[in-house]
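Engineer: Each chain, letter by letter, is given below.
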Amino acid sequence: MSVTATRGTSGAATALSIVALTEIGSAAFLRQFLLAEDWRVVVGLLGFFAIVLVGLQRLPTVEARIEGAFSAQSRFATLLGIAIVLLFPFLLEKSTYALHLLIIAQLYAVLALALNFQLGSANIPNFATGASYGIGAYASALLALNWDVSFWLALPAAAVVATIFGFVLGVPSMRTRDSYLALVTIAFGVVVHQLLNNLEFTGGPNGLVGIPAPELFGHSFASPLVIFGHSLPSQANFYYLSAALVGVSILFAARLHHSRIGLAWNALRADELAARCQGINATWYKVLAFVVDAFLAGFAGTIYAFYVGFISPDNFTFLVSVTIMTMVIAGGMDNTLGVIVGAFLLTMLPEKLRAFSDYRILFFGVTVIAFLMIRPQGIFPQRLRRYGG
Amino acid sequence: MTEQLVQQLLNWITLGSIYALVAVGFSLLFGVLNIIHFSHGDVSLLAPFLALAAVQTVSASVGGSPAVVAIVLSVLLAVIVTGLLGVVLYYLVIKRFQNAPAMMALVATVALGIVLRELIRHLYPQGSNPHAVPRLVPGSIEVLGVTIPAFNLVAILVSVLSVGLLFYMLERTRLGLHIKAVSQDRDAARLISISPARIFQITFFIASAIGAIGGLFFAGYAGIVRFDFSVDVGLIGFSAAVVGGLGSMPGAIIGSLLIAGLDTLVQATVPNGASYRLVFVFLLVICVLVFRPAGLLGRTIVEKV
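Chains as they are written, first to last, in our numbering: chain P, 45 to 433; chain L, 41 to 345.
The set of hints was computed from the structure by calculation and includes no laboratory data. A virtual CB, placed ideally from N, CA and C, is assigned to each residue, including glycine. Check before you lean on any hint, since a few could be wrong.
[Said to hold, decoys possible] Computed cross-link-like contacts, SDA-like style, restricted to lysine to any residue with a CA-CA straight-line distance of at most 20 angstroms:
1) L/135 to P/419
2) L/220 to L/209
3) L/135 to P/410
4) L/135 to P/420
[Claimed, not checked] Every beta carbon over 12 angstroms from chain P, so not counted as near; a handful from chain L, in silico:
5) 42
6) 45
7) 97
8) 100
9) 108
10) 109
11) 117
12) 127
13) 151
14) 156
15) 176
16) 180
17) 200
18) 279
19) 285
20) 312
[Unchecked claim] If we take Cβ atoms under 8 angstroms as the criterion, some of the chain P residues that face chain L in the derived model are:
21) 169
22) 290
23) 329
24) 413
25) 416
26) 417
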């Protein structure tokens with residue numbers, strides 16, 4: 045993109061204001077959505093969201109303009125984004141419910157980003173992300189309960205355990221493909237669930253209770269967070285923790301996407317045979333995708349276990365894996381922003397539509413089918429890779 | 041001792057033939073449409089609910105237990121309605137994913153299964169609770185000092201008959217020839233004036249109806265049915281089809297017998313085995329797929345460069 049010198053300054057100012065407007069507008073929308081109590085307001089906000097999406101699709105120039113502004117002012121966009129994330133809990137009128145929803149949404153965003161490496165980048169179906177999530181949660185909880193390991197040590201340890209399981213799961217993937225591979229991952233997920241449900245040391249169907257809250261510099265995560273005299277509910281601790289994890293995951297995803305690894309995954313997605321002929325070690329990259337997925341899922345699982353303080357096998361069923369898959373598909377495969385929006389939308393929607401709370405699983409199924417039929421590429425479709433400038 | 045052995049063998053064959061009824065549907069649909077119909081297990085398990093509802097309606101109007109004829113008619117009705125429902129689902133959902141990437145179809149049908157399960161839960165009276173299923177065939181026969189429940193014999197007989205009929209239909213009739221033609225090359229089949237759309241319809245009807253018979257026997261064997269039983273039925277049926285090699289009918293039967301054998305063995309020998317059965321079944325599936333990635337009788341895909 046070439047911007048002439050005369051248009052330079054005014055162009056930069058417009059870009060800055062476009063970025064600021066988009067980010068602050070989105071944050072304001074999210075706040076209203078979280079605090080909305082009446083289901084009619086929720087439906088109205090959703091309608092607004094849909095209209096904006098359709099509008100963007102109808103007016104590609106506007107979309108391109110916003111995108112251009114973000115890439116021109118990427119540093120400003122990042123800083124403003126971080127500031128909004130840091131300030132957000134102060135705008136929620138101390139609603140613990142809104143914070144809770146945000147934490148869960150952020151953990152699911154991490155899981156969806158993790159799955160995106162496989163499903164989005166390399167087109168490997170994996171129905172076992174929920175199992176990796178569970179393995180991370182159980183590993184850290186067992187460490188904390190049996191050996192008094194602190195959260196900060198349990199976090200990497202659980203990620204390592206989940207990664208090892210991810211590797212084990214990845215090994216059969218060297219041999220199988222497509223539907224057969226899908227069955228292997230489903231089988232792995234069900235096996236993990238049944239073992240958690242039946243083994244002695246995992247507490248069986250009752251799960252594990254009394255996982256202690258983490259501490260940092262003497263501050264317990266179970267107590268309210270006080271910043272500059274403002275007191276935030278104790279959930280805010282975990283909000284910042286999970287936000288940090290989302291940040292790391294985004295960085296991780298971006299770096300991998302732009303590296304040779306991301307390119308190799310995309311090559312596998314396009315045509316495995318052609319990729320092999322180009323000298324890409326397909327086996328290695330497939331196993332790598334499983335390992336990366338499990339690694340991030342292990343982190344998310346640990347934070348979940350310490351946040352809720354209680355885990356049971358029912359938190360990590362096949363349905364959880366399908367939910368994560370839905371987030372990736374509905375949001376947009378291989379599109380980081382899309383995946384995060386998908387995760388937020390699908391975590392909050394069933395919660396906010398209390399009127400249908402009984403029907404939330406049904407709602408999930410219908411949403412997936414509708415998305416696959418109407419917009420198979422997701423809310424934010426995958427972008428073409430740009431090379432050079 | 042021998043009595044126990046015979047009993048277990050009987051259980052094995054019964055379970056194997058029930059699984060085969062579901063597995064054959066997976067394989068048939070994959071062979072003809074090249075689609076994994078993951079909600080096949082859920083479709084199959086609609087049949088016992090339909091049959092129960094029909095029987096209850098009859099007994100409510102009669103004011104006592106309905107006659108045998110009424111029960112048989114209800115069961116037949118359930119099988120036919122389930123078959124037709126399969127066709128409806130094909131038109132509503134699955135048709136749109138026929139030319140989509142395989143993974144899209146897989147995820148869509150997983151979601152479709154969830155929808156069906158939840159619909160039973162919400163629409164069927166007391167849908168979340170387990171419903172008792174009377175044994176369709178009471179009584180037992182004594183052979184060489186071993187009592188054999190008539191239900192098991194009927195289950196085996198009906199399975200062998202249905203699968204046999206399917207084989208006969210595929211191998212010996214004009215319709216079977218048409219189905220094979222469409223499965224091999226849709227466009228070529230259209231050129232000789234076979235309508236692939238009609239064949240897909242018929243295939244869906246046959247697969248769903250045979251699955252419905254399997255679902256009925258499964259519910260009868262367990263004596264109970266619940267909205268989420270279809271997860272087990274679907275996963276085991278799909279596993280059996282995959283272990284045997286998707287698209288291969290004899291493979292589906294061999295896979296079913298293998299899995300049923302392991303299932304019975306685990307339940308008979310491992311303490312508390314019933315709650316671990318899926319673990320063993322899936323370890324078998326993974327092992328088979330690691331050594332034979334296309335299943336036991338599956339066609340190995342050879343790619344030439």
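Engineer: Take the hints in turn and mark each one as holding or not.
Structural biologist: Each hint tested on the structure:
1. L/135 to P/419: holds (16 angstroms)
2. L/220 to L/209: holds (11 angstroms)
3. L/135 to P/410: Given that 20 angstroms is the threshold and the Cα spacing comes to 16 angstroms, the pair holds.
4. L/135 to P/420: With a Cα-Cα distance of about 15 angstroms, the restraint between residue 135 of chain L and residue 420 of chain P holds, given a limit of 20 angstroms.
5. 42: holds (32 angstroms)
6. 45: Residue 45 of chain L clear of chain P: closest Cβ-Cβ about 28 angstroms, beyond 12 angstroms.
7. 97: With a cut-off of 12 angstroms, residue 97 of chain L remains clear of chain P, as the shortest Cβ separation is near 25 angstroms.
8. 100: Residue 100 of chain L clear of chain P: closest Cβ-Cβ about 27 angstroms, beyond 12 angstroms.
9. 108: Holds: least Cβ distance 37 angstroms, greater than 12 angstroms.
10. 109: holds (37 angstroms)
11. 117: Non-interface label stands for residue 117 of chain L: nearest chain P Cβ at 26 angstroms, farther than 12 angstroms.
12. 127: holds (17 angstroms)
13. 151: Given a closest Cβ separation of 4 angstroms, the condition is violated.
14. 156: Violated, because the least Cβ-Cβ distance between residue 156 of chain L and chain P comes to about 8 angstroms, which does not exceed 12 angstroms.
15. 176: holds (29 angstroms)
16. 180: Holds, since 33 angstroms exceeds 12 angstroms.
17. 200: holds (27 angstroms)
18. 279: About 7 angstroms separates residue 279 of chain L from the closest Cβ of chain P, which leaves it inside 12 angstroms; violated.
19. 285: Answer for residue 285 of chain L: violated, closest chain P Cβ roughly 10 angstroms.
20. 312: The assertion about residue 312 of chain L is violated, with a minimum of 7 angstroms to chain P.
21. 169: Result: holds, 5 angstroms to nearest chain L Cβ.
22. 290: violated (24 angstroms)
23. 329: Constraint on residue 329 of chain P not satisfied, violated at 18 angstroms.
24. 413: Since the shortest Cβ distance to chain L is 5 angstroms, the answer is holds.
25. 416: holds (5 angstroms)
26. 417: The hint holds - residue 417 of chain P has a Cβ within 8 angstroms of chain L, the shortest such distance being about 5 angstroms.
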